[in-house]
Amino acid sequence: MSRRALSDRAFRLAGYIALGLCLCVLGALLFAIAYAGLKAVSFDFLVMPSKDFGAAGGIRWQIIGSLLMAVTASALVLPFATALAVYRADMARSARVKRFIDLSVFSLNGIPSIAYGLFGLIVFVNILGTGLSWFVGSIILAMMMMPTVTHCALSAMQSLPSGVRENGYALGLTRRAVITRITLPQSLHGIVTGLMIGLARAIGETAPIMFIATAFSGVSLPSGLQGPVSTLPTHILALAQQATNPDALRNAWGASFVLIGLVFLFSTAAFIARTRLNPYSERL
Amino acid sequence: MSFADAAAVMPPRPRARRDSFTLWITGSAWLSASLAGLILLTLAVQSAPAIRQAGGTMLSVQWLPSAGQYGIIPMVFGSLVVMAIAMTIALPVGVMAAVQLSQIKSLKTRRFVKALLEGLAGIPSIVYGLIGVSFLSVFVADIFDLQTGRVIFTAGLLLSVMILPTILTLSEDAISAVPNALTQNAAALGLYRFEIFRSAVLPSAAPHILGAGLLALGRALGETMAVMLIIGSLDRLPSPLWNVLSSGQTITSKLGREVGESAFGSVHFSALIFSALILVIITLSLTIAAQILFARRAKTIGLLHV
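The listed protein sequences correspond, in order, to chains A and B. In terms of my numbering, the first sequence opens at residue 68 and continues consecutively. In terms of my numbering, the second sequence opens at residue 11 and continues consecutively.
One or more of the hints may lead you astray.
With beta-carbon atoms standing in for the labels, derived distance ranges [claimed, not checked]:
#1 B:Leu90 <-> A:Thr342: 49 to 57 Å
#2 B:Ala77 <-> A:Asp119: 32 to 40 Å
#3 A:Ala95 <-> B:Asn253: 45 to 53 Å
#4 B:Gln63 <-> A:Ala162: 57 to 65 Å
#5 A:Ile84 <-> B:Leu199: 22 to 30 Å
#6 B:Arg208 <-> A:Gly239: 53 to 61 Å
With a straight-line cut-off of 25 Å between C-alpha atoms, the simulated SDA-like cross-links for lysine to any residue are [stated by the list, open to error]:
#7 A:Lys106 <-> B:Phe149
#8 B:Lys118 <-> A:Lys165
#9 A:Lys165 <-> B:Gly47
#10 B:Lys115 <-> B:Leu201
#11 B:Lys115 <-> A:Lys165
#12 B:Lys124 <-> A:Thr342
#13 A:Lys165 <-> B:Ser38
#14 A:Lys106 <-> B:Gly129
#15 B:Lys118 <-> A:Leu88
#16 B:Lys115 <-> A:Lys106
#17 B:Lys118 <-> A:Ser334
#18 A:Lys165 <-> B:Leu192
#19 B:Lys118 <-> A:Ser226
#20 B:Lys115 <-> A:Ser74
#21 A:Lys106 <-> B:Ser144
#22 A:Lys165 <-> A:Ser226
#23 B:Lys124 <-> A:Phe331
#24 B:Lys124 <-> A:Arg341
#25 B:Lys115 <-> A:Gly291
#26 B:Lys115 <-> A:Arg163
#27 A:Lys165 <-> B:Gly129
#28 A:Lys165 <-> B:Leu33
#29 A:Lys165 <-> B:Leu41
#30 B:Lys124 <-> A:Gly87
#31 A:Lys106 <-> B:Gly132
#32 B:Lys118 <-> A:Ala81
#33 B:Lys124 <-> B:Ser38
#34 B:Lys124 <-> A:Lys106
#35 B:Lys124 <-> A:Lys165
#36 B:Lys124 <-> A:Ala305
#37 B:Lys124 <-> A:Ala95
#38 B:Lys118 <-> A:Leu90
#39 B:Lys118 <-> A:Lys106
In short, the hints are calculated from the structure, not lab data. Backbone N, C-alpha and C define an ideal beta-carbon position, used for all residues, glycine too.
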């Protein structure tokens, strides 16, 4: 065989090995999570409060706390991310402003999650004196979701056929009417998709909220905007740190399984929003 | 009037009235757009006390808050080494898997496999940490016969899995975006698949693949939870320096472990924030460099337009 043919063979082989390796890793991870998780999960585990520092009982308040923070965060991010996308798509005229907005969105996406946590700790918990507060955690999660939601909303707005908006102007609509009657309804799928992807990511975040919004044990529902909640990721963190206790570890896997189930739920919702809500979808 | 002139005039400009709706949109937009700067500014202001009081001593290798020593070099070193290990594993595997993926003829199958592999990115980092604690660190300890598997190498290995989807997806996008005419011409010349990749695909896709690599580097540097649980948290340079089978510390794991223990306003806290500032500046530079590369690629393709 010639040298050329040999190197081609090696190249093909490397491709198969690499792709096979990726699929094997994925399979092994999913198997490990399902195997270790299903041993802990039961109906009682889902609805019971935790006992003995997480080693016994269930994860009722952790599930509720996680959902509460993530849903509040998406409600907070929705108006701001939509406004930013509308401004970038319909109102910003100068190329410099557009470039600044793009840069800022990408930067926000590139900032490590722990830096968000530090920002919340400095500005809200200490300077503004809120103390541990689940609502502050939601604000920080909303900041982290911002680039995702903005990006998805903006791509939907920009992929609108240009005639749609121009028709509106030609009919004499004001800019406000064009935005509320045309741009927003026609890009709804992008906004919802972005929100769902953002939710799927936000609910699994630990680093941004562990200093500012959560407590490990003895927490149920907060009575107001202040006060900590307990969440699935921080619960897993606390349990993983007592890894010598087999009961704690088993419940950590159970909580991980539930957490991944929630992530999967929101990701599926994002997929449905992208394909079913989109009037111009290719309908895969 | 030429077509270009018409495009410059459209869409028509309604009178820019300062009504409340416009103000609301503009205000929210500018608030959102300024968040990144706000975070940087906050970190910079809070690290000022440490720069003033500890100054140059922060560039030493000793971290002893009780003795007033805040050397961040071991953490920076740990971050870079972990990042390098993760990249060395994930870049070749990810790019080769992307090449193989782009060979799948059926669009449906290709999208399905790709979506499946993107699932790796959906696993929260704390769950990766749990996998590292319960399985990976145990395996590493067994294989290398170590007392503890919570070492720099384990962290790098775990991170390589975590950044794999970033590299794989973006590289596949880049390879699929190469104009068909280029690859078909190369194939018509009788080149092998390897030669087609090297001479037709790679020159066109390289900037985008490089950008994917930079984004993945940023991810690797900023990852906190998984690394924090399995790196062993030891504020020392490994000895000898290349001994990746010893415990270490990264900037993020240090922050995760110690911010809760330091008092707000103290030099200790400020020194931690300073290391976070360095981290953010590096990851931001990587992200922006990646975006510049992505933008450049689009232009090249536009020029080719075959």
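Hints, one by one, checked against the model:
no.	hint	verdict
1	B:Leu90 <-> A:Thr342: 49 to 57 Å	violated, 42 Å
2	B:Ala77 <-> A:Asp119: 32 to 40 Å	holds, 39 Å
3	A:Ala95 <-> B:Asn253: 45 to 53 Å	violated, 28 Å
4	B:Gln63 <-> A:Ala162: 57 to 65 Å	violated, 44 Å
5	A:Ile84 <-> B:Leu199: 22 to 30 Å	holds, 28 Å
6	B:Arg208 <-> A:Gly239: 53 to 61 Å	holds, 58 Å
7	A:Lys106 <-> B:Phe149	holds, 22 Å
8	B:Lys118 <-> A:Lys165	violated, 35 Å
9	A:Lys165 <-> B:Gly47	holds, 16 Å
10	B:Lys115 <-> B:Leu201	holds, 19 Å
11	B:Lys115 <-> A:Lys165	violated, 38 Å
12	B:Lys124 <-> A:Thr342	holds, 17 Å
13	A:Lys165 <-> B:Ser38	holds, 15 Å
14	A:Lys106 <-> B:Gly129	holds, 22 Å
15	B:Lys118 <-> A:Leu88	holds, 21 Å
16	B:Lys115 <-> A:Lys106	violated, 40 Å
17	B:Lys118 <-> A:Ser334	holds, 19 Å
18	A:Lys165 <-> B:Leu192	violated, 33 Å
19	B:Lys118 <-> A:Ser226	holds, 23 Å
20	B:Lys115 <-> A:Ser74	holds, 23 Å
21	A:Lys106 <-> B:Ser144	holds, 15 Å
22	A:Lys165 <-> A:Ser226	holds, 17 Å
23	B:Lys124 <-> A:Phe331	holds, 16 Å
24	B:Lys124 <-> A:Arg341	holds, 17 Å
25	B:Lys115 <-> A:Gly291	violated, 56 Å
26	B:Lys115 <-> A:Arg163	violated, 41 Å
27	A:Lys165 <-> B:Gly129	violated, 32 Å
28	A:Lys165 <-> B:Leu33	holds, 18 Å
29	A:Lys165 <-> B:Leu41	holds, 15 Å
30	B:Lys124 <-> A:Gly87	holds, 13 Å
31	A:Lys106 <-> B:Gly132	holds, 22 Å
32	B:Lys118 <-> A:Ala81	holds, 24 Å
33	B:Lys124 <-> B:Ser38	violated, 36 Å
34	B:Lys124 <-> A:Lys106	violated, 30 Å
35	B:Lys124 <-> A:Lys165	violated, 32 Å
36	B:Lys124 <-> A:Ala305	violated, 33 Å
37	B:Lys124 <-> A:Ala95	holds, 17 Å
38	B:Lys118 <-> A:Leu90	holds, 17 Å
39	B:Lys118 <-> A:Lys106	violated, 35 Å
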